[in-house]
Amino acid sequence: MLDKTDKNAMGFIAAALGLFFIGGLLTTVAPPLLDKSWNKPFENHDPTKGPTGKLVAYTDQEMRGYRIYIREGCKYCHTQQTRTLLSDVKRSGWKGVDSPVSTPDEFVNDWRQTFGTKRTGPDLSRVGGKYNKQWHKAHFNNPRDLVPGSIMPPFPWIANNPQELDDLVAYLQTRGRAKDWRPDNDYEK
Amino acid sequence: MATQPAIRQGSSSAAGLAVQDIHEDTTVKWFLLGAVCYFAVVGIIALIIAAKFVWPQFLGSISYFTYGRMRPLHVNGMLFGWLLAADMGLAYYLVPRLCGVKLWSEKLGVATSILWNVIILSAIVTLLGGYQKGLEYADLPTPVAVLVVIAWIMFGTNIFMTILNRKYEQMYVSTWYLMGTILWTAFVYLTGNFATLLPGVTGVNQANLNWMYTHNAVGLIFTPAGLAVAYYFIPRASNSPLYSHKLSMIGFWSLAFVYVWTGAHHMLHGPISEWLQTIAIVFSVMLLIPVWAVVYNFIATMKGQWHQLGDNVSLKFLMSGTIFYLLTCFQGPMHSLRSVNAIVSKTDWIPGHAHMAVLGTFSFMAMAGVYYVTPRIFHTKLHSETLANWSFWLFLIGGLGMFTALWLGGFWQGWQWNNPSIPFIDTVVALEPVWMVRFLSGIIIFSGIVLFMFNILSTAIDGGKSSAAVPARS
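If you read the sequences in order, they're chains A and B. What the first sequence shows, in the numbering used here, is residues 243 to 431, in sequence order. What the second sequence shows, in the numbering used here, is residues 58 to 531, in sequence order.
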């Protein structure tokens with residue numbers, strides 16, 4: 243059969259696209275139909291089934307912050323996924339409490355996926371609630387003032403723009419908060 | 058056997074100018090000269106972002122030059138401005154020759170090249186302005202992505218019409234690979250740039266479509282385009298017939314089937330269905346089949362011809378590209394094993410791997426093609442064989458320096474991450490020497506790019522002068 247595709251351009255096109263579409267459709271269209279957690283927002287009120295909580299929609303302000311996060315390409319250095327690895331669970335944790343693993347239902351409201359491929363800076367999937375606005379303002383202005391040795395770029399045009407700073411911090415505080423895994427409002431000074 | 062017609066036709070056209078002369082090659086010139094210039098321009102961006110790892114304040118307080126905007130420009134500029142444009146230019150060269158007819162429309166080809174330049178210039182402005190779409194590799198804003206689709210249709214129409222008008226019934230491997238590139242790219246690009254934006258496509262669903270695109274941008278665009286170039290130029294540059302037609306078919310059709318399944322291996326251990334991860338792992342390991350079939354074919358073609366490497370720059374690039382292809386495509390399947398992935402994923406190992414694929418393998422193959430084609434389309438000799446040879450060694454030494462520094466550093470980084478008692482910032486500080494070596498290697502690679510660009514542009518100028526001196530040339 244394949245010998246014919248050698249001489250027949252139309253036969254070639256049919257075979258090349260046919261083989262491509264088997265895998266293409268089965269790995270892109272089928273999975274969200276088979277795994278409901280991809281499209282159903284996280285909600286759990288039963289502590290025996292793991293962490294409780296509910297994924298809520300973004301506010302307008304959080305959405306504006308989200309767009310700043312995308313505009314500045316933050317995801318090129320920060321992942322947002324606590325993987326099933328022990329070290330991820332520990333590193334995303336806070337004050338001795340381990341973080342729950344990230345699940346697809348926590349990201350259903352995400353207009354742009356921010357899972358990331360490179361972890362030049364720490365993972366941000368559970369950063370919400372860890373640092374307050376003053377900390378973020380100083381950190382965006384010059385990360386090395388707070389974290390010596392950091393190679394994060396400075397973002398003075400955000401730190402010195404009250405509106406953008408509020409928006410971006412509001413977005414960051416939503417990260418990982420759908421699951422109630424630790425007490426609220428324990429900002430580090 | 059079946060490959061012989063293509064090769065014989067090839068060598069006769071190299072010997073007799075009569076066959077060469079049916080080709081105008083205007084489109085080839087436009088695409089290749091543009092690609093070579095973008096290679097150098099984006100090379101500067103690459104150096105800047107490498108410098109930012111060592112000196113984080115460098116150009117840091119100007120929003121247009123912040124890392125998060127320059128990195129997508131580096132990626133898109135290299136992929137579309139240099140590599141894809143070079144591969145397209147080479148396709149405009151080799152498809153008419155493999156088909157024994159003129160390119161279907163030079164006018165359409167030149168128009169495609171003009172549109173391509175509009176796309177790359179818009180990419181520079183929009184990405185630095187912060188108008189990135191927010192999807193890796195699909196960073197170009199939607200209006201620019203629409204222009205890419207239009208340009209691709211123009212390119213595809215021209216190539217397919219040329220193939221339909223062909224004089225030789227039998228199609229050579231390079232022709233299949235280019236047809237595959239055009240067809241698959243269309244759907245891969247639409248998935249990554251448009252299906253991801255459909256209403257209701259969010260979170261993991263969007264990421265899965267994004268990785269299908271990102272992975273296949275390399276696997277079903279740059280791989281088949283690069284292999285088309287290598288399948289044509291390894292036999293041509295070494296003047297020996299391809300080792301096995303059958304093996305090339307096994308390589309091609311297994312690539313067509315296997316590659317598209319593997320996108321989810323970018324999210325191993327992450328928030329994506331476990332069974333989809335397992336499918337991605339199984340197919341990633343199966344990628345060894347198309348890769349080894351191709352590499353064996355290339356190496357066997359060179360049997361008894363290795364002495365030619367000494368004075369043939371194109372062959373040097375082609376054969377080191379082949380070795381890098383073997384290595385990078387051994388790494389890929391290994392990374393997708395869960396145990397290895399737990400160490401190397403998200404570390405600096407990954408850019409080391411990605412650069413070996415896109416720079417070490419496919420850019421090497423494209424440069425081999427450009428070095429081979431440029432003197433021929435301008436009817437002159439290469440401006441300087443010595444400089445070409447220098448450019449090869451700079452690319453090889455700089456490339457190896459960068460790859461090995463990032464692998465060692467990335468592996469060490471992953472090892473430290475897996476010990477949660479080491480604070481994250483310590484794992485950043487530990488990598489400083491690695492990023493310094495990467496920056497210095499980058500300077501060596503960039504010198505190679507400059508020599509390459511200078512040589513190609515000078516060859517074009519030499520050709521312009523000599524054709525002015527001999528106006529009788531038809």
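Note that these hints are calculated values from the structure, not bench results. These numbers were taken from a predicted model, which means no experiment stands behind them. Hints may be right or wrong, so weigh each one.
Now the in silico label distances, taken between C-beta atoms and shown as ranges [as the list claims (entries may be wrong)]:
#, chain 1, residue 1, chain 2, residue 2, range
1, B, P480, A, K375, 52 to 62 angstroms
2, A, A380, B, S478, 20 to 30 angstroms
3, B, T199, A, Q405, 22 to 32 angstroms
Every residue, glycine too, gets a C-beta built ideally from N, C-alpha and C.
Q. Quick check: which numbered hints come out false for this structure?
A. 1
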